[in-house]
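Undergrad: Residue numbers (our numbering), protein chains in the order written: chain A, 1 to 364; chain B, 365 to 865; chain C, 866 to 1009.
Since the hints were derived computationally from the structure, they do not count as laboratory data.
Each statement offered as a hint is correct.
Here are the simulated DSSO-like pairs of lysine-lysine, each with C-alpha atoms no more than 27 Å apart in a straight line:
no., chain 1, residue 1, chain 2, residue 2
1, A, K31, A, K360
2, A, K279, B, K662
3, A, K171, A, K326
4, B, K501, A, K314
5, A, K229, B, K853
6, A, K358, B, K512
7, B, K418, C, K898
8, C, K987, C, K898
9, B, K402, C, K901
10, A, K279, B, K668
11, B, K430, C, K901
12, A, K279, B, K522
13, B, K470, B, K454
14, B, K402, C, K904
15, B, K402, B, K413
16, B, K668, B, K501
17, A, K251, B, K512
18, A, K171, A, K98
19, A, K251, A, K360
20, B, K418, C, K901
21, A, K251, B, K522
22, A, K323, A, K358
23, B, K418, B, K470
24, C, K934, C, K955
25, A, K229, B, K729
26, C, K874, B, K622
27, A, K279, B, K501
28, C, K874, B, K796
29, B, K454, B, K413
30, B, K418, C, K874
31, B, K512, A, K229
32, B, K512, A, K279
33, A, K251, A, K60
34, B, K430, C, K898
35, C, K898, B, K402
36, B, K430, C, K904
Quick list of the computed label-pair ranges, beta carbon to beta carbon:
no., chain 1, residue 1, chain 2, residue 2, range
37, A, Y347, B, Y667, 43 to 49 Å
38, C, K955, B, R629, 56 to 62 Å
39, B, K402, C, N988, 29 to 35 Å
Beta carbons are placed, not taken as given, at the ideal position from N, Cα and C, and that holds for glycine.
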Amino acid sequence: MRQLEGQIRIPSGCAISAVISRDGRRMTGEKIIESLKPMHDRSNGLGGGFAGYGIYPRYKDYYALHIFYNDDLCRTECESYLRSNFVIVQAEIIPVRKMPAITNEPLIYRYFAQPLPSMLMTWQLDEDDFVARAVMEINTHLEGSYVFSSGKNMGVFKAVGFPEDVGVYYKLDEYEAYSWTAHGRYPTNTPGWWGGAHPFSLLNYSIVHNGEISSYDANRRFIEMFGYKCTLQTDTEVIAYITDFLLRRQKLTLEETASTIAAPFWSTIERRPPEEREKLTYLRTIYSNLLITGPFSIIVGFEGGLMALNDRLKLRSMVVAEKDDKVLIASEEAAIRAMEPDAAHVYAPAGGEPVIVKVKDGAY
Amino acid sequence: MGINYIYPEFEVVRNDARCIRCRVCERQCSNQVHQYDKDLDLVISDESKCVNCKRCVSLCPTRALKVVKSDCLLRENANWSNDNINEVYKQAGSGGVLLSSMGNPKPFPVYWDKILINASQVTNPSIDPLREPMETKVFLGKKGSDIKHDENGNLITKLPPQLELSMPIMFSAMSYGSISYNAHESLARAATALGICYNTGEGGLHEDFYCYGPNTVVQVASGRFGVFKDYLEAGAAVEIKIGQGAKPGIGGHLPGTKIVGDISRTRMIPEGSDAISPAPHHDIYSIEDLRQLVFSLKEATEYKKPVIVKVAAVHNIAAIASGIARSGADIIAIDGYRGGTGAAPTRIRDNVGIPIELALASVDKRLRDEGIRNDVSLVVGGSIRSSSDVVKAIALGADACYIATAALLALGCHLCRTCHTGLCNWGIATQKPELVKRLNPDIGSERLINLMNAWRHEIKELMGGMGINSIEALRGNRLMLRGVGLNEKELEILGISHAGE
Amino acid sequence: MKRVFVNEKWCLGCHLCEYNCAFANSGETNMAKALKNVKIRPRIRVEEGGDAITFAVSCRHCSDPICIKSCISGALSRDETGTVCIDHDKCVGCRTCILVCPYGAISEDENGVIQKCELCVKNAAGSPACVAGCPNRAIIFEER
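With these hints in hand, go ahead and build the complete structure from the sequences.
TA: Structure representation (structure tokens):
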């Protein structure tokens, strides 16, 4: 019997791409789908996905929970859990275009919800912590239910298939986002189900990632001390939890987060001015187990922005370009050209150097 | 003594065609095995005195000598081995507790040898340490988990005191008294040159070695020998020794004959008096007492130095370590049952304690389950024999390793396991001036530095193979390990999969 | 010039330097063959004092060697490096040098002429064999 992703660890190669409008202008998903076509060979049809920010303006104050169910029995069980913890203002099937390229689909639902105030009192948690905890609870303990998106005014759409097909399948042309990230996956084994596809997301953070990190188990065993449970055994999952831990829970800046997970070499730190040296040494020491080694290029999506980051040796390709108010990021320049043929300022950021793009204040 | 029940264990074999009567064997044997007979013009050997330390073999310029195991054995018996029988003879003759030295030599499983290390192929690249930076620096000490910001939103970058090591290895505790002045000087100089630490053991710190303080861990054991303000302030860290792997649950005894001159002064006890370390610390009968000692030492050193608590790996080690982590200790050192010693009761050395591999795995897991792994660093010792043992220990979850036997081997020790006689021919475990001078610290420190540099290269090679370029990404990275020939329970405790999985 | 120095602190009195010297100057390639049943005549000798001090002594290669001044046949000389050398063909065996050497570093060889340490420059060892063979680095060859 073949094991599902989560029961075994599956290394993957990948394609990533992203586009963001600094003016906060909304873009449909068509262009980002287009970007994955020239990178077709970086995926092998075993996973693709997208994250869009600003897509649910009508429900922007509600957590949008996207959930895969194996069957209706799982759904009933999970919905009963949700009802006892959340106020659900809208529950619906996520609309899709049936197509021959995408098969074996689970039930795909979404819920716009708020935690029950009484539960927040009971657990003495803030909303985000409560939702994160509920996601962990469902994903670890409710078999056959899997929350793959849990942020506000954003959503993740993913499936087993080629990414360009996955985009069409989820009707992304009908969504409008100020920022899109996308992922095409090249797993070495069949994941068996859709949860393993990227992006991986918790609350408003989403991660697309290319690479196989060599620090995985060191990172996983450290982050699991803080209430996270890595159910998928994928790099992306652990990077998403690290991001959530550092940015949301420890309130580090994006730059500080980058200096923790792709910390400069000690020899580099020693050459920095005293104040910076002290800070970098501190971050590298306190969270030494959150240093990520091995090849990676990641794009972290968050409310109002993106951060792209390479491992400190730059063992994975990643290029950045600009066009008007847009910033485009992808594994290959061809992907950028597919979105914006005249994109300018094309460059490859150095290893460990974060590229941070934020939407103008108030524009998202 | 009427009957010799025990036939000598070793035979000294001399190839007379090669022997040039230079008499170096005779001059170098403190056990007086060799003697030149002028009338016969022969060097005669009395193998009953031989401990097989190989000093004569190593110095014989024509390689005329070898020492081999005697084949004059008792009748074979799978239950009553020669050792069992000879020990009965010894005790029937002496009426005493059997003493021995160095680590447990019994054929218990060595888990290091049943664990294999991963390497990258295709899906991610291996890294060439000769071409790319490869980092082995570690900081030992309490880190905490929560970052704090000041009122302006800036990071507060103050950490509790840390012990910085250029590589995840330290020389573990061996007291001045159990080993010689020159052995200590070799260790201190090598640690300083390497950017690591050595450990004074419980015998105090000789005044000549205060200059190596930044690379010294000063130990406070149950006898409190040589402990005073300057001593505590001299070191880079203070270690409370609760127990050691070779003899968990018992103290130490350095006979009065070794308490002479500088040793008496360094230990701060009168010449000729026995130095007895009690089995427990008599101010620590429980975990809350440990907390008081930890904080007494922190007060004494103004919270500037990390406090290490060293314990032997015993059955309930995970709970003990968890308690130590909550007692305010910055670093926990765990010593496995194969750890060496200058002298221990044989029965205790060979039958008490548990393997360091299992202790480490369960402690690391427990501290993570409790969410306090980042509050304390873990140092493990008790037979770390090579760089691959170090890599496996780090991947199981250790922050650093303690080595002592390997360091002594580098100094010339041949593991003859008779340290307790005080007649060490290699100038290590002895206080006799004519023997001590055989260990020239220029050579000793150089050999230690060579050994550590060799291990550092190997650690980097192994890390590079795994695609890891910094030691912290290896720490606790158990996915990089696989077991071979281990049963389900062993794999479960080690937290690793079987090879092929 | 580089000379052979001895640090009595590390000299163990093992006498291996004497045997290494004798072997190096024997012209043989096997030590047992060279020295078996031979009364060795080393050019370095370990002095054993009363209070457990041992010290290996060999030619100091003095900068103003009294042995050369005293040599009646011109057999002793300093080469370009400063090494005090002996020409066995010229030596007449008068032993004046043995008498005047303040270190007792010159002795008679088996042929009745004198021998002394020439830093192994003339034998197969090439550099002092006593230094290479000392187990405790008590004998060192260095510039001071």
